[in-house]
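Participant: Each chain is listed here by its residues.
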Amino acid sequence: MDQLIQHLVNTLILGGTYALLGIGLTLIFGIMNVVNFTHGALYTVGAYLMYLAVAALGLNFFLALPVAILGGLLFGAAIEVLLLRPFRGSDIDTTMLVMIGAGIALQSGTLWIFGGVAKAIPSPFPEVPLQVGPVSVSWLRLFVLGAALGLIGLTYALINRTKLGLAMRAAFQDSDTAALMGVNVRLIYTATFALGSSLAAAAGALLGPVYVVFPQMGGLAELKAFAIVILGGLGNVTGAAIGGFILALAEELGAGYVSSGYRDAMGFLIIIAVLLYKPTGLFAKAERIG
Amino acid sequence: MSRLLPLALLGALVALPLALGANPYLLNALIVTGIVTIGAMSLNLLLGFTGQLSLGHIAFFGIGAYVSALTSLGFDVEIGFGLRVVHEPWPAAVGFVLATLAAGACGYLIGRLSFRVRGAYFVIVTISFAEVVRLVALNWVELTQGPLALTNIPAITLGLPGIGAWTLKTKLQNYYLVLAIGTLCYLVIARLVGSRFGRAMRGLKENESLALSVGINATRTLTVAAVVSAAMAGAAGSLYAHYLRIIDPDVFAFTTTVSMVIMVVAGGKGTLMGPVIGGLIFGLLPVALRPVMAPEAQWIVYGVVLILILFVMPRGIVPGVSALLARRRPVRAVPVLEASPVVQR
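These protein sequence lines map, in sequence, to chains C and S. The first sequence begins at 1 in the numbering used here and counts up one residue at a time. The second sequence begins at 1 in the numbering used here and counts up one residue at a time.
Just chain C, with the same shape it has in the complex:
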C-alpha cells in the first residue's frame, strides 16, 4: 500500500511535465497541422539552456528557469519563421520531413557543442526529502510539480482569456475564415509554434535538474509526447493534459510492478490500445483547444 501511494505521488510529479510536453505538441498539430519532430530537440535545448544558465553562468536557479523557457520560445519562433513559413501550403508530409531534418540537426548540434557526457544541473533545494508518513518526496520534485501546474494554468489562461488565445482558437477552427475576420494567421502560426516550443523547453528545464542532461534525452521525450497526444486526441489540449498524467501513471505502475526495463514501452502499449479501441483518442468529444 505504501509503495502504491509512493507511485501515485511520483505519477503526479512526472505527469505534470509530460502534460507540458503533450500540450505543446498537440497545440502545434491542432492549429498548424504540423507533426513537430523538433519537439524532442527543443526539450533538450530547454534542459541545456538551464544547464548553461545555472552551471556555466552561475545564474540563480529560479531566474534560470524563465530564461530557459524564453530561449525555447525564441528558438521555436526562429524555426517557424525560417523553416515552416516557406512551406506553408505544402502537404503535411513535406513539413514533417523538414522538421525531421531540423530535429536531427539540432540534436547533433547539441551533441557537437556539449559532447556526449551527461551533465548534472545543481539545484538549490535541500538534499533531505520531505517525509509525509510513508511517502518521501524531494523538494526539487515538488517544485517541478508546482511549476508545471503553474505553466499549464498559464497556458489555459492564454488560450481562453486573451485575445491571442481567441485568435488561436479561431485559426484552429477555420484558418481561412479567421483570416477574413482580420486575424493575422501568419503571426498566429508563429505564436503557436513558439508557445508549443517554450512548453517543451520548460519540460526539459524542469526535468533536467531531476535527472541528468544529455543530447539524446529528447528522443524518448518526443515519443512520449506523441503517445500523450494520440491518447488525448490530436489537437485536444485538455486531452493532452490528462493524457500526460495517464502515461505517467502507466509508466510508474509498469516500472514498479512489471519490469523497470520496459518503463519506456508503456507509451507504445497505450498507442496500440487507443488505436484498437478508440482511434480518435479518449477525449474526442471534449471541446477542442481550450
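Quick caveat, the hints were computed from the structure, so don't treat them as lab data. A portion of the hints provided could be inaccurate.
[What the hints assert, rightly or not] Each pair of labels, with its calculated beta carbon distance range:
#1 Asn33/C - Ser209/S: 36 to 42 Å
#2 Ala56/C - Asn207/S: 50 to 56 Å
#3 Ala56/C - His87/S: 51 to 57 Å
#4 Asp174/C - Ala12/S: 52 to 58 Å
#5 Thr280/C - Gly215/S: 22 to 28 Å
#6 Pro147/S - Ala56/C: 28 to 34 Å
#7 Ala297/S - Leu57/C: 54 to 60 Å
[As the list claims (entries may be wrong)] Far from chain C by the CB rule (all over 12 Å, computed), these chain S residues:
#8 Phe81
#9 Ser128
#10 Gly146
#11 Leu168
#12 Leu184
#13 Thr221
#14 Val228
#15 Ile307
#16 Arg327
Remember, predicted model here, so these are calculated numbers, not experimental data. Ideal placement from N, C-alpha and C gives every residue a C-beta, glycine not left out.
Given chain C, put chain S in place with the hints provided.
Facilitator: Chain S in isolation, oriented as in the chain C frame:
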C-alpha cells in the same frame, strides 16, 4: 530518365570491384551502402508510392538482423511457467528466409493496426514500435545477450546439391551477394509498381476518396505495401547480420532510419531509381566527409541537406535532373496537362 540508366548502373556496379582492386575499406563502405540502400528502396515503396512514411523502418531491419542471427546461432530461453524453448542452429540461408518472413509479419501487424486511421498515426506507430523493439533487444538478455551483442554469427552459405557449397566470407563475395539481392528487390518493386496493385497504391496517394469510389480497398492495399516493404527491410537486416557477424541493440538507431529517409527524399521519392541514386550518394558521403568532419557535424550537415533539398528540389534528384535533361532536348510534343503520374525510371 532513360531506360538504360538502371542497366548502365548495374553494369558499373558489377565492374566496380575490378577497378577498386582489393581496397577493403572502400569495399566495406560499398557493402554497407548497398545494404542500407535496399532498406531505402523498401522505404520508398511506402513513402514514395503510397505516401505513408515509416519512420521506424529500422525496426524491420533490426528484426531481420536478430531473427537471422538467432536462427543461425541457436538459443535456449525460458519463456515462463518452467517452459524452455531450445533451438538448434540452422543454416544462415534459412535465417535469411525467416528474417524476411518475420519482418513481413511485423509489417502486417503494424499496417493493420495503424491504417485504421489516416494521418500521422502510421508515422507515430512505426517510430514507437522501433523503440519498443530496441528495448526488447536490450532487456531480453537471455535471448539477445542485450548490450553484450550477438557474436560469431555465421556467414551465409550458398549451395546446390550435387554442385557444392560456398561460404560467403570475403568482402568481395558479400559485395556480389548484396548486389544480387538489391537487384532482385529493385525488380520486385518495379514489377509491383507497374502492376494493377501499383496503380491502386498511387491512386490512394493521389486521391483517396476517388480511389475508394472505384473499388480500391485502401486498408488492404496499404497493408500489402507495408508487408512487402517490411520484408525487404528484414532481408537487408539479415544481410547486415551475416556480413558484420556481430549485432547489438544499436542496430535500431533512429539515425539509420533518417539516413534512409534522406536517401529516398534526395534521390526522388516515388521513382524506382531515386533511392538507388540517393543511397549511393548518401551512403558514400561519410567516406568523403570522414577526413574533414566529426560524425556529429556530419549529422548536422545531413539534417541541413534534407531541408535544402526540400527547398530547392522538392521532387528529388532523379526527377529534377530528368526534367532538366528533357528541357535540353529538341522540342517534342508537350502534354498540355501534367499527365497522370507515371513511374519514372
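Participant: Now tell me if each hint is right for this structure.
Facilitator: Status of the hints after comparison with the structure:
1. Asn33/C - Ser209/S: 36 to 42 Å: violated, 19 Å
2. Ala56/C - Asn207/S: 50 to 56 Å: For Ala56/C and Asn207/S the Cβ distance comes to about 54 Å; the hint holds.
3. Ala56/C - His87/S: 51 to 57 Å: holds, 54 Å
4. Asp174/C - Ala12/S: 52 to 58 Å: At 54 Å between Cβs, range holds.
5. Thr280/C - Gly215/S: 22 to 28 Å: holds, 27 Å
6. Pro147/S - Ala56/C: 28 to 34 Å: Since the Cβ atoms of Pro147/S and Ala56/C sit about 32 Å apart, the hinted range of 28 to 34 Å holds.
7. Ala297/S - Leu57/C: 54 to 60 Å: Given about 26 Å between the Cβ atoms, the range is violated.
8. Phe81: Per Cβ check, Phe81/S is outside 12 Å of chain C; nearest 17 Å; holds.
9. Ser128: Ser128/S not clear of chain C: closest Cβ-Cβ about 4 Å, inside 12 Å.
10. Gly146: Gly146/S is in fact no farther than 12 Å from some Cβ atom of chain C, at 9 Å.
11. Leu168: Given that every Cβ of chain C is farther than 12 Å from that of Leu168/S, nearest at about 34 Å, it holds.
12. Leu184: holds, 28 Å
13. Thr221: The claim stands: Thr221/S keeps its Cβ more than 12 Å from every Cβ of chain C (closest is about 18 Å).
14. Val228: holds, 20 Å
15. Ile307: Violated, since 4 Å does not exceed 12 Å.
16. Arg327: Per Cβ check, Arg327/S is outside 12 Å of chain C; nearest 24 Å; holds.
Violation of the numbered hints given earlier is confined to hints 1, 7, 9, 10 and 15; the remaining hints are satisfied by the structure.
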